[in-house]
Amino acid sequence: MGYDRLFSMLRHLILASLALIFLAPFIWMVVTSIKPEDEIFLNELRIIPERFAGYENYRIALTETPLLRFMLNGLIVTVAIFLSQVAVAVPAAYALAKLQFKGKQVLFIAILACLMIPPQAVSIPWYLLMYKFGWLDSYAGLVAPFSISVFGIFLMRQFFNTVPDDLISAARLDGYSELGIVWKIMVPTAIPALISFGIFSIVAHWNDYFWPLIVVNSQEMLTPPLGVVAFKSDEAGDSYGPLMAAATIIVAPLVIAYLLAQKRFIEGITMSGMK
Amino acid sequence: MTGIKLSNITKSFGNTEVLKGINLDIKEGEFITLIGASGSGKSTLLRIISGLEQQSSGSITINDQDISTKRPKDRDLAMVFQSYALYPHLSVRGNMEVPLRMRAPLWQRMPMVRKINKKAHKVLKHIDRRVDDVASQLHIEHLLDRKPSELSGGQCQRVALGRAMVREPVAFLMDEPLSNLDAKLRVHMRGELTQLHRDLGTTFVYVTHDQVEAMTMPDRIALLVEGELIQVDTPDAMYNNPKHLKVAEFIGSPTINILPVTLSNEGRIMFDEQRLGSIGFGRSRANDSISIAVRSEDLKLVSTGTMKAIVTHVENMGSEKIVYACADWAKGPLAIKAGSQVTADIEQGGPIFLAMDIAKLMFFDHQGQRIVQEKIMQGVA
Ligand SMILES: Nc1ncnc2c1ncn2[C@@H]1O[C@H](COP(=O)(O)OP(=O)(O)OP(=O)(O)O)[C@@H](O)[C@H]1O
Ligand SMILES: [Mg+2]
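Those protein sequences? They're chains A and B, same order as listed. Each residue of the first sequence is one higher than the last, beginning at 1 in the numbering used here. Each residue of the second sequence is one higher than the last, beginning at 1 in the numbering used here.
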């Protein structure tokens with residue numbers, strides 16, 4: 001009994017300290033965002049600032065650069081990417097999981113192989129393609145390379161594999177078309193998987209730095225991470241307070257969205273939401 | 001001809017031939033069970049009838065209309081699955097509405113149209129009423145607003161039945177609908193299904209591998225062995241008058257006793273050099289290997305005799321006991337069904353003596369075909 005108690009305490013202690021290590025930079029960002037300039041670089045570790053400078057830091061962050069515009073760009077791009085990924089991945093995954101056709105196995109192996117290609121490796125061909133299309137420095141250029149997600153296809157296929165074949169047979173007898181089955185039967189049963197894929201996709205593309213850096217030039221097209229960096233070099237110089245305020249603002253939507261969808265997210269990861 | 005007619009249906013998956021020329025006439029309103037060992041092709045046949053699977057060759061007609069190439073939804077059949085196959089995201093009412101809704105024109109199914117358009121309103125109202133009717137027939141009115149995940153297995157199966165019934169199809173196809181239920185509920189649902197068949201008067205094609213379901217429910221049984229229909233007959237005929245050794249083996253519990261014997265050069269049955277009764281087959285079958293099949297209830301326990309066996313174990317079924325024994329002359333195990341009094345002093349390992357009612361024996365040649373009674377010469381000296 002005492003041993004169990006001790007073990008459980010030890011376990012929580014370890015988990016808590018690990019959590020603290022991972023959270024530390026994040027906490028430091030938030031703390032710095034409310035500190036005045038002269039309190040940021042001190043010899044001592046000061047969590048609570050003596051003078052609260054949150055208001056002016058956040059005011060500078062929001063007014064000196066079009067931060068809201070950057071966030072709107074981020075929103076448009078991530079939502080467009082997610083929607084097109086779903087529009088492609090769901091029917092493709094259905095075909096791979098539930099339909100019989102020649103070359104299915106080869107196709108699936110090809111998809112698995114694509115999972116292993118790092119995006120950086122194909123960035124130059126993509127850049128040239130976007131150039132030929134005249135899509136540089138536009139939403140289309142930001143969205144197009146990610147409009148098909150092999151990870152999404154793979155994830156949804158794994159999930160659809162667990163849907164019983166009888167359910168699809170029943171739907172066919174009841175008069176659903178194949179597309180009807182995909183969107184009206186498969187998608188509603190796969191909501192947890194779609195939500196977790198959504199979180200992966202949106203977090204990845206909201207935070208993406210590499211590709212936007214390559215295709216975007218003009219300031220109106222900047223996405224949030226680029227915006228923060230532009231902020232550092234252009235306006236703020238070495239003023240870290242406003243910079244951290246801007247960083248806090250751009251991660252806030254993700255954190256809020258995660259907290260709201262937390263339950264579904266964990267369901268999606270464990271895939272146990274289905275009966 | 002009304003009813004469902006299958007002619008020469010074959011089906012191959014790659015190189016394996018799963019169905020080898022199925023011919024079957026199912027009369028309108030008939031309850032037919034399709035039985036056979038696992039992997040014999042029962043589900044495949046049912047899926048071909050429903051259109052979910054395309055036959056490799058052969059044709060299907062319903063009421064003289066060729067439906068061989070029609071899509072599943074145009075065949076006017078309804079199917080009930082072992083796994084129920086209810087839509088998990090829809091309520092019970094939603095599940096039961098689907099077959100009717102999907103047959104209404106698309107615009108009528110759009111959200112809100114019901115509020116604006118009189119015709120759509122009427123159609124949907126009619127669907128609602130039909131669902132209510134069927135639900136009350138199956139005693140599931142109180143479940144209409146629940147989700148399938150909130151139902152028990154038996155309730156799920158009722159909903160699945162309801163979903164099949166709302167449309168009043170030409171025939172119901174059922175693939176082991178009761179095998180996921182516990183024993184007691186299965187007995188209960190068995191009775192309900194038979195009753196339902198009587199009330200609806202619709203054709204039922206019912207796949208099962210449960211002996212009791214196969215025997216008690218249908219008008220006729222069709223036995224499928226390795227993709228071939230061996231016999232299609234009433235339960236009575238299947239039990240008492242099997243045309244093939246496999247039918248005799250499959251139907252009945254405990255399994256029928258099979259005694260392999262070799263005929264003498266005069267066509268007589270020999271057990272260890274001893275002749276069995278006065279039966280002979282004539283010289284045309286001299287030295288043939290044949291099988292004698294005898295039901296467990298047609299073997300009698302006697303106080304002494306020439307057929308001695310050793311008891312291996314005894315199963316007590318309450319009103320009767322099944323004695324399992326083995327004997328050299330039987331070349332294998334035997335099962336004897338007997339009343340409790342007769343078996344009172346039988347113990348494991350002890351000897352028993354058996355007698356057979358010769359009139360009840362069935363003979364099968366080495367290919368398993370029944371040797372018809374006329375060919376057996378009684379009283380050959
Ligand atoms: N889609 C398929 N591809 C390849 N082989 C298949 C396919 N469907 C069925 N089979 C094969 O066809 C044979 C018959 O299968 P079927 O499902 O009809 O058997 P069943 O009689 O219903 O058996 P059970 O009682 O176990 O349900 C089996 O050997 C099975 O492996
Ligand atoms: Mg089956």
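Simulated from the structure, these hints should not be mistaken for laboratory data. Bear in mind that the values here come from a model prediction, so they are computed numbers and not experimental data. Glycine is no exception: its CB is placed at the ideal position from the N, C-alpha and C atoms. Wrong hints could be hidden among the right ones.
As the list claims (entries may be wrong) - The calculated DSS-like cross-link candidates involving lysine-lysine, where the alpha carbons are at most 30 angstroms apart (straight line), are:
1. B:K147 / A:K102
2. B:K20 / B:K5
3. A:K184 / B:K5
4. B:K73 / A:K102
5. B:K115 / A:K104
6. A:K98 / B:K321
As the list claims (entries may be wrong) - Facing chain B, from chain A, some residues (calculated, C-beta under 10 angstroms):
7. D38
8. F41
9. P118
10. A121
11. S123
12. S169
13. A170
14. L173
15. D174
16. G175
17. I185
18. I191
19. I195
20. A257
21. K263
22. R264
How the hints compare with the structure:
1. B:K147 / A:K102: Violated. B:K147 to A:K102 sits at ~38 angstroms, over the 30 angstroms cutoff.
2. B:K20 / B:K5: Cα-Cα ~16 angstroms, so holds.
3. A:K184 / B:K5: Given that 30 angstroms is the threshold and the Cα spacing comes to 34 angstroms, the pair is violated.
4. B:K73 / A:K102: holds (25 angstroms)
5. B:K115 / A:K104: Not satisfied, since the Cα-Cα distance of roughly 46 angstroms exceeds 30 angstroms.
6. A:K98 / B:K321: Violated - the C-alpha atoms of B:K321 and A:K98 are around 50 angstroms apart, more than 30 angstroms.
7. D38: The hint is violated - A:D38 has no Cβ within 10 angstroms of chain B, the shortest such distance being about 58 angstroms.
8. F41: Nearest chain B Cβ about 56 angstroms off; hint violated.
9. P118: Interface hint status for A:P118: violated (37 angstroms vs cutoff 10 angstroms).
10. A121: Constraint on A:A121 not satisfied, violated at 39 angstroms.
11. S123: With Cβ-Cβ at 40 angstroms, over 10 angstroms, it is violated.
12. S169: Holds. Min distance 5 angstroms.
13. A170: Result: holds, 4 angstroms to nearest chain B Cβ.
14. L173: Constraint on A:L173 satisfied, holds at 5 angstroms.
15. D174: OK, holds: A:D174 within 10 angstroms of chain B, min 5 angstroms.
16. G175: holds (3 angstroms)
17. I185: Cβ of A:I185 sits 6 angstroms from chain B, so the hint holds.
18. I191: Result: holds, 8 angstroms to nearest chain B Cβ.
19. I195: Where the cut-off is 10 angstroms and the nearest Cβ of chain B is about 14 angstroms from A:I195, the hint is violated.
20. A257: violated (23 angstroms)
21. K263: violated (17 angstroms)
22. R264: violated (15 angstroms)
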